[in-house]
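Student: Heads up: the protein sequence lines correspond to chains A and B, in order.
When the first sequence is numbered by this note's numbering, its final residue is 293 and no position is left out of the sequence of numbers.
When the second sequence is numbered by this note's numbering, its final residue is 293 and no position is left out of the sequence of numbers.
Hints were generated in silico from the structure; no laboratory data involved.
Please note: incorrect hints may appear among the correct ones.
If chains are identical, the list can't say which one is meant, so a pair holds when it fits in one copy or spans any two.
To be verified - Straight-line alpha carbon distances no greater than 25 Å define the calculated DMTMM-like cross-link-like pairs of lysine to aspartate or glutamate that follow:
(1) K238 with D105
(2) K164 with D201
(3) K45 with E171
(4) K249 with E34
(5) K238 with E170
(6) K45 with E12
Number of protein chains: 2
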Amino acid sequence: MDIARQLHDYRERVERGLATLLPPAQLRPRRLHEAMRYSLQAGGKRLRPTLVLASAELWGSKHDALPAAVALECIHTYSLVHDDLPCMDNDDLRRGRPTAHRQFDEATALLAGDALLTFAFQLLARHYRNHSTLCTALLTEFAEAAGSEHLIGGQMEDLLAEKKSTVTAEELDYIHLHKTAAIITAAFVTGGLCGGASETDLAQLRLTGRRVGLAFQIIDDVLDATADTATLGKTAGKDARADKTTYVKLHGLDASRQHARTQSDAAIASLAQLPGETNFLRTLIEQMVSRTH
Amino acid sequence: MDIARQLHDYRERVERGLATLLPPAQLRPRRLHEAMRYSLQAGGKRLRPTLVLASAELWGSKHDALPAAVALECIHTYSLVHDDLPCMDNDDLRRGRPTAHRQFDEATALLAGDALLTFAFQLLARHYRNHSTLCTALLTEFAEAAGSEHLIGGQMEDLLAEKKSTVTAEELDYIHLHKTAAIITAAFVTGGLCGGASETDLAQLRLTGRRVGLAFQIIDDVLDATADTATLGKTAGKDARADKTTYVKLHGLDASRQHARTQSDAAIASLAQLPGETNFLRTLIEQMVSRTH
Chain A
1 MDIARQLHDY RERVERGLAT LLPPAQLRPR RLHEAMRYSL QAGGKRLRPT
51 LVLASAELWG SKHDALPAAV ALECIHTYSL VHDDLPCMDN DDLRRGRPTA
101 HRQFDEATAL LAGDALLTFA FQLLARHYRN HSTLCTALLT EFAEAAGSEH
151 LIGGQMEDLL AEKKSTVTAE ELDYIHLHKT AAIITAAFVT GGLCGGASET
201 DLAQLRLTGR RVGLAFQIID DVLDATADTA TLGKTAGKDA RADKTTYVKL
251 HGLDASRQHA RTQSDAAIAS LAQLPGETNF LRTLIEQMVS RTH
Chain B
1 MDIARQLHDY RERVERGLAT LLPPAQLRPR RLHEAMRYSL QAGGKRLRPT
51 LVLASAELWG SKHDALPAAV ALECIHTYSL VHDDLPCMDN DDLRRGRPTA
101 HRQFDEATAL LAGDALLTFA FQLLARHYRN HSTLCTALLT EFAEAAGSEH
151 LIGGQMEDLL AEKKSTVTAE ELDYIHLHKT AAIITAAFVT GGLCGGASET
201 DLAQLRLTGR RVGLAFQIID DVLDATADTA TLGKTAGKDA RADKTTYVKL
251 HGLDASRQHA RTQSDAAIAS LAQLPGETNF LRTLIEQMVS RTH
């Protein structure tokens with residue numbers, strides 16, 4: 001099967017998983033569940049859940065990884081919904097559609113974000129509780145990756161950095177590693193846990209995820225500086241207008257592209273240490289670095 | 001030991017648990033961890049964690065219930081921090097001190113709330129992962145109680161009710177049961193899980209918690225209508241000024257007090273079905289209904 005077809009199939013599985021695993025929109029309180037589904041069904045590349053599924057399949061997926069993949073997408077989406085709020089980035093557009101607080105209202109978006117974060121843990125409980133060792137390992141991975149020392153820590157430092165006149169390369173690395181790489185790393189590790197990976201392989205997945213996450217975020221900065229709003233589906237050039245410190249601002253476009261390439265090459269090298277057929281994941285990582293939106 | 005002394009001892013344990021189990025305020029990002037600690041260290045009655053500890057001790061506390069008790073207080077506190085935000089209740093005072101968004105800023109309060117919710121799950125993972133069956137049961141209890149069909153659902157309906165010209169008794173019961181009773185119920189059940197309660201006893205704890213939660217919320221409504229701001233440590237009379245539907249508005253003061261008493265009597269009756277020394281819990285429930293702040 002070719003890569004484009006595989007990618008399509010993974011995304012289809014994720015979309016079906018979202019449609020069936022999320023609380024129905026009619027469930028009381030309806031407005032809350034509608035806002036949760038609205039935020040999650042904005043499409044997008046479904047990169048993180050695809051990484052979970054593809055990573056699990058390196059070991060032949062001992063346990064169904066789909067609920068965990070959907071749970072990770074819930075965490076990613078909650079962080080976007082809260083990040084878009086007026087007190088944070090105050091963004092009107094996300095993937096070409098009104099952000100949750102524009103489509104509904106601020107309070108509903110706040111609660112829908114809270115509910116998506118919580119629902120990720122409900123999914124783990126509902127689908128893995130009969131495999132309590134796996135369930136506990138997934139809980140650990142999710143809670144730490146989403147917590148104040150990773151995802152939320154990265155968002156906080158990002159917010160603080162916006163108010164500073166100078167941001168160092170170390171501070172920017174902290175933000176990227178915590179805000180972006182933490183959840184992408186969790187995606188690889190989650191796949192490994194569902195697949196039944198050894199401790200050694202889990203460590204290799206963690207290394208791969210960290211490198212992919214960094215490459216991904218650097219390319220995000222590059223695209224914000226070079227692509228237009230229609231292509232991105234979100235407001236482009238925002239970083240520069242906000243005088244936000246990005247990889248591009250600190251290191252320039254060429255060095256940023258080069259650094260992303262170095263990270264993705266390193267990710268592919270660590271991926272090669274893993275068992276199973278890694279061809280799909282390797283190509284996905286390569287595409288991620290050469291993407292245009 | 002007398003009840004006042006026991007209550008004091010439980011609160012001391014909770015305070016020590018909070019001080020030692022929360023991430024240190026110096027941890028990066030410092031502002032985030034300071035805001036988490038600020039929000040949690042506002043004092044308060046520590047009712048929910050006290051219920052966890054006292055409930056666990058009915059069975060002699062097979063597992064240390066303190067991390068779970070602190071985790072539940074984290075969830076309760078996150079819901080207050082988000083509830084106080086400008087887009088929700090827009091409150092300046094909480095337990096006599098500036099609310100988190102007044103003390104820090106809105107974005108920091110938003111993220112500190114997110115981080116407290118997530119930290120509750122980190123605590124479960126960090127302290128119970130070696131007892132994976134218990135850990136999974138606690139995860140289930142916490143995630144469901146905090147989720148869109150319980151705590152957040154109650155907050156959403158509460159928000160929607162404020163915009164309606166009439167709120168029915170059924171709608172108000174939904175709000176109270178979901179917004180308040182869900183977490184108080186989770187406190188009793190969490191204690192039972194840590195103590196090693198049987199399925200039958202867990203069901204009895206759930207029933208007790210629901211009744212205590214309803215009584216507690218009705219008394220909250222009564223106090224908002226009758227007490228002053230200094231006594232409450234939060235803005236009093238807010239419900240009436242906002243023309244908010246409360247038990248008092250729907251049923252009157254006397255009937256509200258009577259209904260709270262009926263619920264607490266029923267809670268005490270279901271408590272009596274449990275093993276162990278229930279004297280402390282019984283007195284605590286009685287005090288809750290006769291409290292003045």
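Student: Hint by hint, note whether the structure agrees.
Tutor: Now for the hints, and whether the structure bears them out:
1. In this homomeric assembly, K238 and D105 come within 25 Å of each other (Cα to Cα) both inside a single copy, at 23 Å, and across copies, at 23 Å.
2. Taking the closest pair of Cα atoms, K164 and D201 never come within 25 Å of each other, the shortest separation being 40 Å inside a single copy and 56 Å across copies.
3. Proximity of K45 and E171 under a CA criterion of 25 Å is satisfied in neither setting, with 28 Å inside one chain copy and 40 Å between copies.
4. For the identical chains of this complex, K249 and E34 are neighbours neither inside a copy (39 Å) nor across copies (30 Å), given an alpha-carbon limit of 25 Å.
5. Taking the closest pair of Cα atoms, K238 and E170 come within 25 Å of each other only inside a single copy of the chain (22 Å); across copies the shortest separation is 47 Å, beyond that limit.
6. For a Cα distance limit of 25 Å, the shortest separation of K45 from E12 inside one copy, 11 Å, qualifies, whereas the shortest one across copies, 50 Å, does not.
In this structure, the earlier hints numbered 2, 3, 4 are contradicted, and the remaining ones agree with it.
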